[in-house]
Amino acid sequence: MLVFLFACRSHPVPDPVERNAALPIADYSFKYDWFLDPPNEFRSHPFYSLNDSLEAGELSRQIRDFKQAGFGGFYLHSRQGLLTDYLSEEWWELMNVAVESARDVQLRAMFYDEDKWPSGYAGGLIPEQSEDFRAKGLAKLDLETALPPGSTVLKKDSAFQYIQYTAQYGYDIFNGTCYVDLYNPKAVRQFMESTHLPYFGKFGPKIKAGELFIFTDEPHIHARYFPAGTKHYGTLSYSPYLEEKFWELYGDALRDQVDLLFEEKGNWREVRWQYHRAKSLLFEESYTRQIAEFCAEHGAQLTGHFLGEDGLQKVRDRIGNSSLHYRSMQQPGIDHLGLTIDKRIITAKYLSSVANQYGKRMRLSELFGISGQNINFQERKWLGGWHAVLGINHFCPHLTSYSITGARKRDYPPTFSYHQPYWPYNKIIEDYLGRISYAATVGQYDPRVLVISPLESEYLKSRNEGEFTGSTLQVLESLQDHHIDFDMGDEEILSDIGEVDANRITVGEMQYRYVILPSMLSLRRTTLQLLLKFSRAGGAIFSTGKLPRYFDGREDPQALSRLRYAVTSLYGETFEKELTQKIPAALRIDGDQAEDIWLQTRKAGPDQFYLLYNRSNVSAVSMQIQLPAGTTDPVLWDPAEGSTSRLLANPDGNISLQLAPGGFYWITTGQLSKNVPNLRQSDSPRSTTARLQLQTPWLGKRLDPNALLLDFAAYSMDGGQTYSEPEPVIGIWNRLKEEQYRGDLRLKFSAAIQSLPEQCALAIERPHNFRQIQVNRQTVTFGKNGDYFIDRGIASRDITSLLRTGRNEIDLQISFSPPDPLSPEPAQRYETELESIYLTGDFGVFSEQVDTISDTQRNRSKDLADRPAYAFEDYFLDREKSRFSENLTLQGYPFYAGSFTLANSFEIDEKEPGKRYTLDLSEVAAMVIEVSINEQFVDTLSWSPYRTDITDYIKPGRNAIQLKIVNSLRNLLGPHHHRGGELIKVGPNSFTGAGGFPDGRGEADWYDLRKTRKDLAIWTDTYYHIPFGFLANVAITIN
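Under the working numbering, residues 1 to 1039 are what the sequence shown spells out, in order.
Derived from the structure by calculation, the hints contain no laboratory data. On a predicted model such as this, the values are computed, not experimentally measured, just so you know. Possibly wrong hints are sitting among the right ones.
Cross-link-like lysine-lysine pairs, in silico, DSS-like; alpha carbons within 27 Å at most [stated by the list, open to error]: (1) Lys31 <-> Lys603; (2) Lys360 <-> Lys31; (3) Lys461 <-> Lys155; (4) Lys985 <-> Lys862; (5) Lys701 <-> Lys427; (6) Lys461 <-> Lys314; (7) Lys67 <-> Lys265; (8) Lys546 <-> Lys314; (9) Lys155 <-> Lys265; (10) Lys155 <-> Lys140; (11) Lys343 <-> Lys915; (12) Lys533 <-> Lys546; (13) Lys67 <-> Lys202.
The calculated label-pair distances, taken between Cβ atoms and stated as ranges, are [what the hints assert, rightly or not]: (14) Asp718 <-> Ala159: 53 to 63 Å; (15) Asn96 <-> Asp501: 49 to 59 Å; (16) Ile853 <-> Arg735: 54 to 64 Å.
All C-beta atoms, glycine included, are put in the ideal place defined by N, C-alpha and C.
When you get a sec, could you build the whole thing from the sequences and use the hints?
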C-alpha cells in the first residue's frame, strides 16, 4: 500500500486555550490540538530588525501583523540603519511599546543583547570604560617591526618578537570603537550591567515566567583585530586572563612558551593542546557561563549562537569549543546561512548532542539568512525539516525588517515582513514549521551511537596535516543515510559527565551502545580510560580512519596499542557496508533513494516514534518501512496537511510510503497513537491513465501596480552644468562616500515610454530629503501622509499627466552629506542615503533584448531544482498584454512584485466514476498558488508536489479554472547585477561589485572599472530576473 498525501488544505483549528507549554518532558504526549495549531513556543520567532527611526504606532502595527503571519514571538534586534539612539530613554520606551503590543496579541517578546553584532561591546560603551576591556591578541613580528600602539613584547628569539596587541578604535561595526576582551570577566560583567540588567529590570515583571529570553550573537575570541598596515606572521587569540587560566590548569607560564604556538619545535603539540583547551574553558567561564548564571538569577534564559560554528578549525580559532557554550546556555543555538544544507550536519549535531546530554529541551537556529528574497515556502519547509530531524526545534528566521529603505533592503535578505507580496499567506509555512518543531520536542531522543569529536585533533595538528571536518562529515552523513541515530561526544564533556553503565556509555541523560572514532590525531587520556572501560564491559568501539597518536598532546605508542586492541576498524572502501553490518539501523527503510530519508528515533514513555525527512529538495522518495517486531497502532502524522492516517502493512509486513521533496512525516506507535482523532485510511496507489494539458493563452489580470526600477542615473556636482554618463546609483553613492564629498548633488534618471500608461506614479524613498523633484522639468511635491509603495518610507505620487512618449527625465536635487560610520551619533553614521527610484502603475515593462540563462549559482547547487534566469538589457514602458502563454517576467513584468490572476477553461467529455482528477502546477513558478474551479475555491499550493485533487469541483463539459499566483520581492529588489544570475547566498555586497562575504573576491573600485571593463568578478550592467508564472503547460492527470 503506497501512501500519497498532498498539501495543503486548510483545517479547522480549535479555539485558543491557555496552554502550558512548559510541561516536563516525561509528561509529554502528542496533543492533537497542538499539532493543528502549535502554541507560540513551537512557532518561529524571527529577528525583528529595528533599523530606522522607530515610531511607537508603527511598532505596534507591525507586531499585530506578526500574529496574523503565524509567528509565536520575535527577538527585538537593533540593526544596521537604526536611527533611534540605542539604550537611550527613547529606546527603552519603544521596547516597552513592543513588549506591551506583544502581550496584547499574545505573542512572546524576546530581547537581543547588542547594537548590531557581535555581542559584548554594548554599542561602544564597554571599550570606552577601560583599555583593559579592549580585545587582545598575540602576534608574531620581525624584530625590526615597530610595535603597534598598546602592544607589549612577551618573548623574543633570534629572529622574531611575540607580542600582545590591543585592539584600537576605528571599526565602523563597533560605532567607531573596537571589540572587547571576552576572556576578561570584568568586561563581561560591565556588559551585563549595561545591557542585560536594564532589560531584566524593566521588562522581567511584564513577561510571563519562563519566557524571558535574551539572544547573544556571534561573540568570539578570534584574533581578528590586529592593526592594519603592520606586517606580521600570524595572530592568535590571547588575553592576560588566559595566562592565569593556563597557570591554574598546568602550573606553567604561557608567555614563556608563546613561540611554540607559532613554531613547530620542542613540545609544541602539547603546548598547543594545552593552550586551546585553556582558552576554551576560560571563554566558557568568563562569558557564557557568567551570563547564563546571571540570566538564571533574574528568571531569564540565555540563547543565541557563537561565531564560526560550521567547521572544526573555525570553532578552534573563533570560539575554542562550541560544545562548552552549548552546555552553559539555557537555550543553545546555531546559525544556518544560505539556501543550502551542504556540509552543515556537523554544526547541527554538535548542538543537538550537547542539548540531548544536558536535557536542554529547546535548541535554536537562526536560519534562512542570506538566502535571498526568493526563498520560497518549499525551501523554507526543506530547511526547517533538516533542522527538526537533526534535533533543532526553535526557529529564528533571519529576518523581519522594520524598514527596507536605504541599505536596509540589502541587509542579508530575505525579509519576512509586510513588504513581501506573499505576507498574507505566511501563516501557511509557519503552521508547518510549528508542527515539526513540536514533533522534535515531544519525548526524548533515543540514539545508539556516540561519535567522539575530533575537535582536539585540530588543536595540535601541524600546518601540513589536513583538517578533520571533511572526514567527520563523511561519518556523520553515512550514519544519517543509513538511519542510525547518534550523538557527538565532546572530550571535555566526557571527562566531566561520561560514565560506563554496564555495556553502555552514559553521558548525562543519554546512553549509547556503540562508539565511533572518526579519523583522529589526538585523544585525551580520560577519554582513553573511558573507552577501555567500556570495551571491557562488552561495548563495541569502531574506528573509521586513522587512530590518534597523541594523548594529552604527547605521543604514546603504548596507549595507542591499548586503544588499537579495543577498536574494530571500519576504515576503507567497505566502510558503509561494514557499518550497517555492525550497527543495526533504528528502523529498516528500503528504496531506490532510501539514503535520502533521514531518521530521528524518539521515545516517550514506553513507546517510540519516528521522524522521517526527505533531504532531497528535488525528488520524491518511495520507500518500504519495516517497523520493529511487536509494534502496534502505527499512525502517520503529516504536518503539511495537518492530517493523521492509520498505517496498514502490505502482505509482506512492510509499510509503503512516498515522501515529497523536502517532506517530513512522523510515525507514532503504541500509546502515542491511542485516541488520535480524525484518523483516515491511507490512500491506495493509483496509476495515471490519462493526462490533459491545458491550452494557452491564459487571460491575465494584475492585482498590484507594475513597476519599473530606475537604478542608473547621471549625476552632477556643479549645479547641473555638467553630468556624468548614467551610472549605478549605488556606485555613485560609494564613490561620493569614498571621496567624502559634501555639497550639492543632482541626479538625472530617464525612462523610455512607447505608449502612455493610464496611470503612473513616481515612488521615491524619503522624498522630503530632496530640495527639488522634477518630472520632465515639472516640479513634483509629495504629501506627508500620502500613498506608499512596498514600504511606508517609499512615498508614491501620481505623475501620469507629466509623462510623454519617448524619453522622460526625472531630476532630483539634494544636499549630499557622506556617512561617518565611526560616529557615535546614529544619524551621522548614515547621513544621505541615495537609492533607486521606481515608476509604478498600469503599464507593461519590456526589453528589446532578453536572453535565457541556465548557468546560475542556484543551478550549480545539487540541492535545488534547475530554474532559468533571464538577462535583460534596456527597458521601455508599453501597453500591457491581457493574454499570456509563458511566464510573466518575459511578458511585461520583469520587476513586478505582487499577485496575478490567470484564467482558462478545459473540457471534460465524461467524468469517469472512480477516477481522481489531479491538477499539476509543478511547472508554475510562484511563492503561492490559489486554485479555483468553476468559481469554487479549491486549494492553496505553496510547496511540492504542487498538485491538488479537483475531482469534486469539475463537471462534464466546459470547466473554468482560475489561478492566483503570488511572487516575492526578488525581481523588484534584486540583486540584479551579479554575474551569478540567481544566488543562494546574498549579502549587501551582492548588490555591488566590491566582493566580500558571501560573494568572494570582487573589485573595490568596481564602479569605475565597469566603465572600461566587461569582465569584472561580480558586477555586470545586465539585469538578471527570475521566472514568475508558467514554465510549461498546466496539466490535469486522471488516475
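Verification of the hints:
Distance check on the hinted pair: Lys31 and Lys603 sit about 16 Å apart at the alpha-carbon level, within 27 Å; holds. The hinted pair formed by Lys360 and Lys31 meets the criterion: a straight-line CA distance of about 21 Å does not exceed 27 Å. Using a Cα cut-off of 27 Å, the hinted pair Lys461 and Lys155 holds, with the two alpha carbons roughly 23 Å apart. This hinted pair checks out: Lys985 and Lys862 have alpha carbons roughly 15 Å apart, not beyond 27 Å.
Between Lys701 and Lys427 the alpha-carbon distance is near 25 Å, which keeps this suggested pair within the 27 Å criterion. Straight-line distance between C-alpha atoms of Lys461 and Lys314 comes to about 14 Å, which keeps the hinted pair within the 27 Å bound. In summary, the hint linking Lys67 to Lys265 is not supported, as the alpha carbons are separated by about 61 Å, beyond the 27 Å threshold. For the hint pairing Lys546 with Lys314, the CA-to-CA distance comes to about 22 Å; that is within 27 Å, so the pair holds.
The suggested pairing of Lys155 with Lys265 holds, with an alpha-carbon distance near 16 Å, which does not exceed 27 Å. Note on Lys155 and Lys140: the hinted pairing holds, with a Cα-Cα distance of about 10 Å set against a maximum of 27 Å. Between Lys343 and Lys915 the alpha-carbon distance is near 45 Å, which puts this suggested pair outside the 27 Å criterion. Distance check on the hinted pair: Lys533 and Lys546 sit about 21 Å apart at the alpha-carbon level, within 27 Å; holds.
As the CA atoms of Lys67 and Lys202 are separated by approximately 24 Å, the hinted pair is consistent with the 27 Å bound. One distance hint, 53 to 63 Å for the beta-carbon pair Asp718 and Ala159, holds here, with the actual separation near 56 Å. For Asn96 paired with Asp501, a C-beta distance near 51 Å keeps the hint of 49 to 59 Å intact. The hint said 54 to 64 Å for the Cβ distance between Ile853 and Arg735, and at roughly 29 Å that hint is violated.
In this structure, the hints that do not hold are numbers 7, 11, 16, in rising order.
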